[in-house]
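K.L.:
Starting from the structure of chain A, add chain C where the hints point.
2 protein chains.
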Amino acid sequence: MQPLPGFRDFLPNDCATRNYVFARWREVARRYGFVEWDGPVLEPTALYTKKSGPEIVAQLFNFIDKGDREVAMRPELTPTLARVVAAHDREFKKPLKWFSIPQCFRYEKQQRGRLREHYQFNADVIGEASVEADVELIALCVDLLRAFGFTAEDVVVRISDREFWIDFLRTHNLPEAQWQEILQAIDKSEREPREKTASRLGPLAEPIFKILDEGGQSEKLDRLLASLKNRGMAEFVKIDLGIVRGLAYYSGVVFEAFDRGGKLRALAGGGRYDNLIQQLSDGAVSLPALGFAMGDVVLGELIGETPVAKKKMEEAIADHQNLDIYVVIAKEERRADALAQIQSLRDRGHRVDFPLTPMKVGKQFQAAEQLGARLAILFGDEWPQVKVKDLKTGDQKLVPQTELLNDSTTMSTLRGRTNSLPPDLRDSSPRPE
Amino acid sequence: MQPLPGFRDFLPNDCATRNYVFARWREVARRYGFVEWDGPVLEPTALYTKKSGPEIVAQLFNFIDKGDREVAMRPELTPTLARVVAAHDREFKKPLKWFSIPQCFRYEKQQRGRLREHYQFNADVIGEASVEADVELIALCVDLLRAFGFTAEDVVVRISDREFWIDFLRTHNLPEAQWQEILQAIDKSEREPREKTASRLGPLAEPIFKILDEGGQSEKLDRLLASLKNRGMAEFVKIDLGIVRGLAYYSGVVFEAFDRGGKLRALAGGGRYDNLIQQLSDGAVSLPALGFAMGDVVLGELIGETPVAKKKMEEAIADHQNLDIYVVIAKEERRADALAQIQSLRDRGHRVDFPLTPMKVGKQFQAAEQLGARLAILFGDEWPQVKVKDLKTGDQKLVPQTELLNDSTTMSTLRGRTNSLPPDLRDSSPRPE
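Chains as they are written, first to last, in my numbering: chain A, 102 to 534; chain C, 102 to 534.
The following block holds chain A by itself, in its conformation from the complex:
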C-alpha cells in the first residue's frame, strides 16, 4: 500500500503544491527569456560516469535493459544538456537561455530534504562568457525565490568565484594536482572545526583563513555585485568566498541560495562550467556555459515554515482547485435540462460539477461547498427558472434558464477566473450541435 522508500505519491493537494511550484518556476523563467526543454528520464549510464566518474554508479538507479544496454534513471540534467547542445549545436543561435523541470533520481540514504526522487528547476546559459550572464542567472535565482513570497529576510544567495581561488593557488605555487583537495577543504570549512580545516590546508591555512574571515579582493565579484545592486537585489545577495561547491568542473562564479536561518540544506546552487560541454562532447563542441538548479523538496520545507509564502501558496492553490459552479439537481426530471446547461457552461470554460446520481439537495449543497464552488445553480421547482446562489455572499436570485448565460450578475461573479485563463488554455471552439 506504500510507494517505494524515498518516492512520493502526489495526492490532489500534494499535486497542486507541486504544480504551484512548477508554475512559478516557469513564469519567472519566461520573464527572463528562458525557454523550456527536456530530455529523457532514462539515459546510457556512461553519460553520467563520463562527467562524475565511476563512483556515481553507487548512487544511481541503473540497470541493464532488455537490449543489453547499461542505462540509468537520470540523477541530474546537465549531462543530457551537454549531449543535446552538442548534437544540435548548429540549429540554435547562441547564447541559449534554456530551462527545464526534470524529475531526478538518486539511490541515497533518506534524510530531511533528501528523497530518492525530486524535481529540480534547471536554468542554463550556453555560449556566453561575459559576467553579465552570471548576473542574469543569479538575478533569475533571486526572482524565483521572490516569486514564492520570500524576502531578503528569508533567503540569501551567497556568491563566490572559483577563479579567485585558482589565482590564489597559482600565486602560492601550489601544484595543480593539489587544487581540488584545497578547494574541497575550503568548501567544508564552514561545517568543520577550524583545526581540522587547518590541517587539511597545511601551510596555506593562514592566508586562506584571512580571506575567509576578512574577504578578498576581486574585481569580477565587485562588478557582479554592482550589477545586482543596480537590479535592486543587493539585500538578497552576499559575497562569500567560503562557497566553492564540491564539483571539480566549476570554472568561475559559483553561488548557493540558503534560508537565512541556516536550518535547511541549500535551496539552489550552481555556477559557471566553461569546460564541461567540451569534455562531455569529447571535444565536438566547446562553449562557455553556466547554470544552476533549485530542488522542490527543500523549497517546499521553507515555504511551509514561512507564513507569507505559505499563505500565498494556499491562496493560489485554492483558486486553482476550486470549482466555479456546482449544479444542484433538485428534481430528477430536470437532469437532462441541467446537463445541457452544464455543457454550455463548460464550453465557456467554467469549471462545473454536479451529482452523478440522485442525491438530497442538502447533500448537494454540502458537496458544492467541499468542492469550493463559487456559485450553486439549482434546477428544480422553479423551472423554467433556475436559482443562482452565490456561495460566498449567500445572495440568491431566480434567472430564466434561457437567460443564464447572458445574465450579467451571474457571469461577472465568475469573470475573474475565466478571464484569467491564458489564451492557450481557452477553448473558444463552438459547442457542437
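One should not assume that every hint holds.
Treat identical chains as interchangeable: a pair holds within one or across any two.
With a Cα cut of at most 27 Å, we get these calculated DSSO-like pairs of lysine-lysine [what the hints assert, rightly or not]:
no., residue 1, residue 2
1, K151, K167
2, K490, K194
3, K167, K152
4, K461, K194
5, K321, K461
6, K498, K461
It should be emphasised that the hints constitute simulated quantities derived from the structure, not laboratory data. Since we're looking at a predicted model, the values are computed, not measured.
P.N.:
What follows is chain C alone, placed relative to chain A:
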C-alpha cells in the same frame, strides 16, 4: 549524441508542443471537475504482475534496485491508482474524479505511434456505479479532442458494452472459462479475415456476426447515447459492439477514440472496471470504477495531419514562446539604466530579454524578431528618452524613460498577454529596494 532508442529529447519546440497538449488536457479536465494527482515513476514490479500477469515483465523496464527490491518503471498508472485509492480510502468522499498525466514506459518494438516512453492523460471516476459516470467520462474524452480543434469529421468515439456480450454468452450457455477467448476474437474481428474470426468463434459465429453487422439491443447503451445527444455530442460518438478491448478486467461500458480516416492507432481508450480495485487491493477496498487514457504520440500525429488543429497549436505555442519586449542597448553607457528598467518590466510580469554583451544595433533588432518580441525598447542617444518600437506595426515613438511604465500606448500593447496570466502565475510582490 542520441537518446536511447524509443526515447525523446524535447528541444524547445517539442517541449512547447508537449506543454500545449498538457495545458489543454488539464484545462478541460478541470472544467469537468477532475482534480490532478500523480504517483511515482518507479513501483514494485509485483504491482504490475498482479494486474497483468507475469507476461507483462517482458515489456517492462524492470530491475533489482540497490536495496534488492524488484522494481519497474511504470508502464501505466492504473495499478498505482488502485494502491493509492485503497491506502487513502477514508480520506476522500466518493465519487473521486481524478486525472493525471504520467509518463509511462514499455520495452516494445518501436512502430509508428509507439515509442518506449509516452505521456498519457488518465481520467478515472472512482466510487460511482451509475451510467451517468460513463457518460461524463465519454463526454470528457470528446471535449478533450474538441479542445485541440478536432470536429466530428476528424474523430469518433466508438462505444460498446462488455456486459452486453457477457449476457449474450450467458444466454448461449458458454462456460465462463471460454468467455475471454470469444471476447478477444470479437475484439480482433475488425482486423482479421472473417473466416479466421469465424473459426475462433465456432458455433457462436453466426449470431455474433449478426450482432456485429446489424447491431444489438442494449437499453444501457441507448440511455448512454441519449444522454450524450443531450450534451450535443451525438456526432462525435457511435455505438459499435465490435469494440471489446483486450484486457480481461473491463466489466461494463468500454470505448475507444479514433481518427475518422482510420489511419492511426486509437487516440484514447478505456471503460468500466468495477472489480479491479478490489482485486489489486487484495480485497481491502471494493469500489466501482471507470477510466480512460489518451496518449500524446498518436494525438500529436493527428494534430500534425489536421490543418485546423495544427494552426491552433502553432498559434498557441507562438503566443506562449514569444517575448514581450527586447531591450536594445545602443550605447553601452546606458546598460545600467537599461538593466534597471528591465528589472521593473520583469517585476510587472513582462517577458524581457536583452544582449548580454555589446552587439551591433542591427543584430539586436534581428534577435528581437527571432525571439518574437512584440516591442523593442531602445536605450541610446535619445536618453533620457527611450525609443519604443512596435515590431508588428512598425510604429515607433519616444517616451521619457521615467514615464515608460506609465505610458498607456506601450503598456496596452502588452496588456493582452500580461492580463492573460492566471492569478496563481502572477507575481505581484513589489520590487526589492
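K.L.:
Going through the earlier hints one by one, which of them does the structure break, listed in rising order?
P.N.:
When the structure is compared with the hints, none of them turns out to be violated.
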